[in-house]
Amino acid sequence: MKKKKYNITYKNIAKRRIFELYKLAIENIDNIDLARRYIFILWKIKNKARIRLHKELRNKFCKKCYTPWIVGKTLQIRIRKGRIIYKCLYCNRVKRFIIRKV
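For the sequence shown, my numbering gives the first residue as 12, with consecutive numbering after it.
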């Protein structure tokens, strides 16, 4: 009987760790310093492994101050002139997304 070979690469481990760190950051949103630290480590792992963030995580935190975005607590959302405007309540960074017509 052959042993099963596991295709565990550095990038697969990094992707799994990134999702775990994001989950921990959301669970510890009451302790904002700890949540920001988790996101910072997530960003370092992403850069070290040279991978892109998954679509689910791409717009879930501030790239300037590493604060996880939760509407009302750490994020303000506005809709103006065909754009969605995200404003981080910690560093006041503004990110704009165009609303596309389908």
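Source of the hints: derived by calculation from the structure; they are not laboratory data. Any given hint could be a false lead.
[What the hints assert, rightly or not] If you anchor each label on the Cβ, the simulated ranges turn out as follows:
(1) Lys34 - Ile88: 20 to 30 Å
(2) Arg111 - Arg48: 16 to 26 Å
(3) Arg48 - Leu100: 15 to 25 Å
(4) Lys92 - Asn42: 32 to 42 Å
(5) Asp44 - Val82: 26 to 36 Å
(6) Cys102 - Asn42: 13 to 23 Å
(7) Asn42 - Gly93: 19 to 29 Å
(8) Ile19 - Asn103: 17 to 27 Å
(9) Lys98 - Arg48: 35 to 45 Å
(10) Ile95 - Ile43: 35 to 45 Å
(11) Lys34 - Lys75: 16 to 26 Å
(12) Thr20 - Phe108: 11 to 21 Å
(13) Ile37 - Phe108: 16 to 26 Å
Computed from a prediction, not measured in an experiment: that's the story for all the values here. Every residue, glycine too, gets a C-beta built ideally from N, C-alpha and C.
We went through each hint and held it up to the structure:
{"no.": "1", "hint": "Lys34 - Ile88: 20 to 30 Å", "result": "holds (22 Å)"}
{"no.": "2", "hint": "Arg111 - Arg48: 16 to 26 Å", "result": "violated (35 Å)"}
{"no.": "3", "hint": "Arg48 - Leu100: 15 to 25 Å", "result": "holds (18 Å)"}
{"no.": "4", "hint": "Lys92 - Asn42: 32 to 42 Å", "result": "holds (37 Å)"}
{"no.": "5", "hint": "Asp44 - Val82: 26 to 36 Å", "result": "violated (20 Å)"}
{"no.": "6", "hint": "Cys102 - Asn42: 13 to 23 Å", "result": "holds (18 Å)"}
{"no.": "7", "hint": "Asn42 - Gly93: 19 to 29 Å", "result": "violated (37 Å)"}
{"no.": "8", "hint": "Ile19 - Asn103: 17 to 27 Å", "result": "violated (41 Å)"}
{"no.": "9", "hint": "Lys98 - Arg48: 35 to 45 Å", "result": "violated (22 Å)"}
{"no.": "10", "hint": "Ile95 - Ile43: 35 to 45 Å", "result": "violated (24 Å)"}
{"no.": "11", "hint": "Lys34 - Lys75: 16 to 26 Å", "result": "holds (22 Å)"}
{"no.": "12", "hint": "Thr20 - Phe108: 11 to 21 Å", "result": "violated (33 Å)"}
{"no.": "13", "hint": "Ile37 - Phe108: 16 to 26 Å", "result": "holds (21 Å)"}
Checked against the numbered hints above, the structure breaks hints 2, 5, 7, 8, 9, 10, 12 and satisfies the rest.
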